[in-house]
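S.K.: Chains as they are written, first to last, in our numbering: chain A, 1 to 110; chain B, 1 to 111.
By construction, these hints were calculated from the structure, which means they are not laboratory data.
One or more of the hints may lead you astray.
[Said to hold, decoys possible] Pulled from the structure, derived: some chain B residues nowhere near chain A, Cβ distances all over 12 Å:
#1 N22
#2 S28
#3 N31
#4 K70
#5 A81
#6 G104
[Said to hold, decoys possible] Here are some of the chain B residues that sit facing chain A, going by a computed Cβ distance under 10 Å:
#7 Q37
#8 A90
#9 F99
#10 G102
We put the beta carbon where it would ideally sit given N, CA and C, even for glycine.
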Amino acid sequence: DVKVTQSSRYLVKRTGEKVFLECVQDMDHENMFWYRQDPGLGLRLIYFSYDVKMKEKGDIPEGYSVSREKKERFSLILESASTNQTSMYLCASSLQIEAFFGQGTRLTVV
Amino acid sequence: SQQGEEDPQALSIQEGENATMNCSYKTSINNLQWYRQNSGRGLVHLILIRSNEREKHSGRLRVTLDTSKKSSSLLITASRAADTASYFCATDPNTGNQFYFGTGTSLTVIP
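Sequences and hints are given; from them, build the entire structure.
M.R.: Here is the structure:
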């Protein structure tokens, strides 16, 4: 069965902390994505990656960076967390067309 | 932004009725997909329609695509309480590998 696993369901961090959100997929997919989801705004693409060590900016990359050192793992990094980054973060992977999602990480920055 | 939009934002119907939600998008696409999200969870793929198709069925789901109007609709027939969820359309523009999701329709089916 297809699996995308995000390291935490809930996370509380302080303003200014460096935050790592981890995502692992076991399907050997080339493409991986990070979205944030906010009420009324839907899913917005932060970054995506189509290969190891490759990354592309999405619509809202400011304040975020990513790392893809291995095919199965795609990390989202908040360099200095701010309260406006409080959100639900969703990771997804795909081979070509259909995207498979993790369960989401609800991050609160206080 | 290449994000699409769903309409309506929220929909409330009685069990057994049909639910229709619409999606508009901005760029030329290869495919359009519909996903479902139960409260607080990740998204699950429902159905895909390719840009050269006009209509597709899967069980109680019917999807239409009008590329000239850059719009799609999702019809759920004979709705059930378990259909209560948010529904999102997603497009993959023919310029890359990424997906862009709409803002979602929140469907409530009242038993």
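S.K.: State for each hint whether it applies.
M.R.: Structure-based check of each hint:
no.: 1; hint: N22; result: holds (14 Å)
no.: 2; hint: S28; result: holds (16 Å)
no.: 3; hint: N31; result: violated (6 Å)
no.: 4; hint: K70; result: holds (17 Å)
no.: 5; hint: A81; result: holds (22 Å)
no.: 6; hint: G104; result: violated (5 Å)
no.: 7; hint: Q37; result: holds (8 Å)
no.: 8; hint: A90; result: holds (7 Å)
no.: 9; hint: F99; result: holds (6 Å)
no.: 10; hint: G102; result: holds (6 Å)
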